[in-house]
Each structure stands twice: as structure tokens, then as C-alpha cells.
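For reference, the chains in residue letters:
Number of protein chains: 2
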Amino acid sequence: MTNDEIMMLINRSLFASIGYMDEAGRQNIRRVFCVWHKGIGRHLISTNTSSAHVQSLLINKKACLYFSDDETFEGICLYGDVEVNFSREYKKLLWNEGDEKYYPKGIDDEDYCILEFAAESGKFYRYDGKGELSGSDIMEFDREKEFVNGYSEYS
Amino acid sequence: MTNDEIMMLINRSLFASIGYMDEAGRQNIRRVFCVWHKGIGRHLISTNTSSAHVQSLLINKKACLYFSDDETFEGICLYGDVEVNFSREYKKLLWNEGDEKYYPKGIDDEDYCILEFAAESGKFYRYDGKGELSGSDIMEFDREKEFVNGYSEYS
Numbered sequence: 233m234t235n236d237e238i239m240m241l242i243n244r245s246l247f248a249s250i251g252y253m254d255e256a257g258r259q260n261i262r263r264v265f266c267v268w269h270k271g272i273g274r275h276l277i278s279t280n281t282s283s284a285h286v287q288s289l290l291i292n293k294k295a296c297l298y299f300s301d302d303e304t305f306e307g308i309c310l311y312g313d314v315e316v317n318f319s320r321e322y323k324k325l326l327w328n329e330g331d332e333k334y335y336p337k338g339i340d341d342e343d344y345c346i347l348e349f350a351a352e353s354g355k356f357y358r359y360d361g362k363g364e365l366s367g368s369d370i371m372e373f374d375r376e377k378e379f380v381n382g383y384s385e386y387s
Numbered sequence: 233m234t235n236d237e238i239m240m241l242i243n244r245s246l247f248a249s250i251g252y253m254d255e256a257g258r259q260n261i262r263r264v265f266c267v268w269h270k271g272i273g274r275h276l277i278s279t280n281t282s283s284a285h286v287q288s289l290l291i292n293k294k295a296c297l298y299f300s301d302d303e304t305f306e307g308i309c310l311y312g313d314v315e316v317n318f319s320r321e322y323k324k325l326l327w328n329e330g331d332e333k334y335y336p337k338g339i340d341d342e343d344y345c346i347l348e349f350a351a352e353s354g355k356f357y358r359y360d361g362k363g364e365l366s367g368s369d370i371m372e373f374d375r376e377k378e379f380v381n382g383y384s385e386y387s
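Top line first, the protein sequences correspond to chains C and S. Using the working numbering, you'd call the opening residue of the first sequence number 233 and step up by one each time. Using the working numbering, you'd call the opening residue of the second sequence number 233 and step up by one each time.
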């Protein structure tokens, strides 16, 4: 897969899967809504601070983020860290009308946080072969990119 | 979610995601074709022995298996172990016409193996709430069940 094809797979996905380790040392997966991307390497996910996966990621930030399309047999697994972010800038950027049903106190609700995933490397899978993505590949491709809602730009 | 609703989610899925740790200690996810189930707790997945995830699971068998439906906002994460199995019984059961394109030597191809995932516990997620599934819940539900192709029974 080319970097552009990987970017397209990420942009047309509404959801991704986070792989992380929980406090019991178990491998864990959580499906998350993930449409804000800064190139291939950085992704923002809004979620409830009190959720089990956020609490686990506060203890162990090593994680992977997986985007896939079961119809085209494409997948990309990114390896990196998750920072639990409370900046108003990110919280405002990802806020959608109606989010009060999840966060009754609005943007400043302390139960509203943004997970920022930053990739160090990756691996892609497709019917026609698999390959590695290095940190410098990602950095090169992402240079001068900004955070955008890839799904809304795509559709 | 009731156990029957969890079973239905599993049966109507063509794919699941395996979460495991690789040799570099990284959290990893791999999307796998997964339609053979023995109740909620046991699942068979055919794959290439030489694949990276099989090699990782031979070293560390702790894993999770995640089934989800993005349209109904349902997810089930099962925690357990993966055994890399070479029994002719399983290999015959999962063999499909045309699989020679993946395993040129047929059923006895040493690059053809079956991952057997056995759950110890689980966690489910749905719009209306989440909950835990204990090992004894799973054992009770799965009693006297046999391996079946849940997807073909469902569709």
C-alpha cells in the first residue's frame, strides 16, 4: 500500500480499534469513533474520562490503533502512545452538537477528554501483501499536515 | 446484553479482531476471519503458520478476541488464551474449497494451522450499558455446544 492509500483507508473509516493493556495485564481492545487525523500518524478520539480504557491508558500509554476495511481486505496497525488530553482547543475541535447527552456539563465537563494517539511506526496488510511503515516515513508524509475531520472531507 | 444477544453478535460477524503482544512487547491487533464458534467461549481461526501474529502467539498466548457491530454499537471483548493447533480434525473442519491458493499443499500443508481461542471472561459494550461476563457464565452458556459455522447458520 502507498502512503496515500493508507491515508484514504484512515479517512474513510468512522471507527478504529485501540489495543492496550488493562490494569490486570490483559490485552484489551476497544472500538472507538475516530475521524480526526493529522496525516497517518496522529489521531484524536473524544471519550468519557471515567471509561475503563482511559483509566488503563493513564497507567500504561503504550497502545496500537487499527483501521481496517473488511470489504477491501485492507488494514493498518499503528504502534505508539496515547496521551489523555484535556486542552480546551482539542475539546472544542471535536465537540459535536448533541454531545451533551454524553457530557452533560458541556465542553468543560471533566468527564470529557480527548485521547491523542501518536504513532511511532506501523504495519499494513492487504490482499496483495504487507509492509512496514517507519517513524520517518510517517513524519515525512505528515509534514505540515493539520488536524482535519477526514471522514467529512472524504464523504 | 443477554448471552443470546452476545451469541447473535458473534454469529453474524464474519471477522473478529485479535489483540496480542508481539515479540517487541507492543500491543498489536490483527483482523481475522472468524466464523467457527463453540458457544461464546471457543473460536477457531484458520491462518498461515508463518504469519507474524501466529509467531507472536506461540511465544505469548494471552490474547483478547473482539467482535463488534459498528451499526448497532455492540461489542464483546473476550479475554483468554490462543493455542496454535495442527490437528487434522480442526484443519479438515475449517477447510474451504479454493483454500489451496493460501495453502498449496492442502490440508496437510504445514503452513496451515488453526488458532483456537478459549475465553476465561469477557466484557460487553452497548449503547444501553456495559457489563462483565464471568468464566462460569460462559461455561454455563456453552455447556453441550459443539463447534458450528455460526455465520452460515445465521445467514
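Keep in mind the hints are simulated off the structure, nothing from the lab. Among these hints, one or two may not hold up.
Since the list gives no way to pick out one identical chain from another, each pair is judged satisfied if it fits inside one copy or across any two copies.
Lysine-lysine pairs mimicking DSSO-like chemistry, simulated, CA-CA at most 27 Å apart [unchecked claim]:
1. Lys355 / Lys270
2. Lys362 / Lys294
3. Lys293 / Lys355
4. Lys362 / Lys337
5. Lys355 / Lys324
6. Lys337 / Lys377
7. Lys294 / Lys355
Keep in mind the model is a prediction, meaning the values are calculated, not measured.
Taking the hints in turn, this is what the structure says about them:
no.	hint	verdict
1	Lys355 / Lys270	within (18 Å within a copy, 31 Å between copies)
2	Lys362 / Lys294	both (23 Å within a copy, 24 Å between copies)
3	Lys293 / Lys355	both (19 Å within a copy, 21 Å between copies)
4	Lys362 / Lys337	between (45 Å within a copy, 22 Å between copies)
5	Lys355 / Lys324	neither (32 Å within a copy, 31 Å between copies)
6	Lys337 / Lys377	neither (32 Å within a copy, 48 Å between copies)
7	Lys294 / Lys355	both (16 Å within a copy, 21 Å between copies)
The structure does not agree with the numbered hints 5 and 6 stated previously, though it agrees with the rest.
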